[in-house]
Amino acid sequence: MRLKPTELLILFAIGAAGALIGDAGAVSAQTTRYLDHSVPFIWESPIWFPALVGLGTVSVGMLRIRLGPTRPGFDLRLGIGAWSAVVAIYSITSLAGDDGTASVALVVTLGMITACFLADVPGLICGLAAAVVGPIAEIVIVELDLSEYTAHNDSLFGVGLWLPGLYFAFGVAVARITELMVDQE
Amino acid sequence: MRLKPTELLILFAIGAAGALIGDAGAVSAQTTRYLDHSVPFIWESPIWFPALVGLGTVSVGMLRIRLGPTRPGFDLRLGIGAWSAVVAIYSITSLAGDDGTASVALVVTLGMITACFLADVPGLICGLAAAVVGPIAEIVIVELDLSEYTAHNDSLFGVGLWLPGLYFAFGVAVARITELMVDQE
Amino acid sequence: MRLKPTELLILFAIGAAGALIGDAGAVSAQTTRYLDHSVPFIWESPIWFPALVGLGTVSVGMLRIRLGPTRPGFDLRLGIGAWSAVVAIYSITSLAGDDGTASVALVVTLGMITACFLADVPGLICGLAAAVVGPIAEIVIVELDLSEYTAHNDSLFGVGLWLPGLYFAFGVAVARITELMVDQE
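Chains as they are written, first to last, in our numbering: chain G, 1 to 185; chain L, 1 to 185; chain Z, 1 to 185.
No lab work stands behind these hints: they were computed from the structure. Treat each hint with caution, since some may be false.
[As the list claims (entries may be wrong)] DEER-style ranges, computed between Cβ atoms:
1. Z:Val140 with L:Ile47: 34 to 44 Å
2. L:Pro72 with Z:Asp75: 24 to 34 Å
3. G:Phe41 with Z:Val140: 55 to 65 Å
4. Z:Arg33 with G:Ile139: 26 to 36 Å
All residues carry an ideal CB built from backbone N, CA and C; glycine is no exception.
Could you build the full structure based on these sequences and the hints that come with them?
Structure, rendered in structure tokens:
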């Protein structure tokens, strides 16, 4: 099974949209700051940020397809709920104010609750893969001096210690959304 | 189909109760402030505030009935969960501290998640109607100098920019509660 | 019906683990402070704290069994979600910053939502019992000068006014986890 071009485009679009909203919150709340302003910005984000998250969303969707059969049944509410859960958790990372124990515990447990509602085993694997790859990509971005996390949000090699929890929810949600899209074919 | 007097009374009571709790949080957190003290107060609210929200709750219930058949099945937990979700989101608007992007994104996505759990199409319409009418009513109240939202919570013509998200959840929840009440007849 | 030794051990372990995580958040956020340092500490907690919560978890499990038949059906996601919900609410008590009306309303309504998803009537009784006994135990601990809640988190005889809401969620979650364990036998 393969994802069609329109499906890839939808995954890219909803990932980029979530990234723009969440990142606008993070920049406004001064959780993150962009150091390089040589590229065009959309809202509060340099253009490469939503692009990267969009590509990450496509990648998780493709990973989900390869990991095994998807569950049947289409319900738009599952897809909207999954997307909303990730943007909600993203916003909470901005509002929490730091990456102390309580913030990290809240983000991780919300990610786990999201998985309990949405994930099958392949979805869980997508979540875990995103929880590893996503923060590594952001650590590289910080190392390249393109952006930085502020003082109380940089405990994980310069990025927020809650970031794996957020990416876990992201991976789980994208896997579920991918299942819904495939069911529609 | 029509709502019976006792049902209208229940809708009024649960709306007014939620308003009193949420408003006490908003006043204590200094998100909102009442400027006119010429009327009796209940807890932290002038008596007209819970009355207006109670009437708004009744109105949404009546709107829901007119919008089409209600879903069968009574589960008290759905009603309590719906009411609790709105009060929880209301409380979050007080705790967030401002109506910046992250706060608005959190409130709106929580409203969307509430709708994903509870709403059918008529319920969605109730949520959208409440998201338009509720903030307009509050803008009028602020314009009449009866109350004000504080400096960082007044981006939407003097009221919180997260207010439509909160009223959306309110409309969706009241619609679902109305369905449960009608099923009990 | 009786809980087996391994089941009692599992209940103790997940209770103690949740207590250690939540308490580390509370101590870091300076919601609570330990005054007595004469005993060994694990992470941020004196050894008796996770032990007491572990015993409380076992007690709620035993209470649940006595209150009537448990629901059939095993789903690990229900157990993980229940545990996560309590740790999430615990973390929110640390992040809220005080025990004002909005914080208390948020914690209580989140506890109620948790119950709407998880509780049957015996589970509700477990939640209510925990909401009474848990805070009383903590008030005694504070009276013994072993720990204290900070100035804005001590409205309930020296402990957080949100504490009954947190323990209510705890009792409901433990009851549901107990049902899942018994179903596995």
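For each hint, the structure was consulted:
no.	hint	result
1	Z:Val140 with L:Ile47: 34 to 44 Å	holds (41 Å)
2	L:Pro72 with Z:Asp75: 24 to 34 Å	holds (26 Å)
3	G:Phe41 with Z:Val140: 55 to 65 Å	holds (56 Å)
4	Z:Arg33 with G:Ile139: 26 to 36 Å	holds (34 Å)
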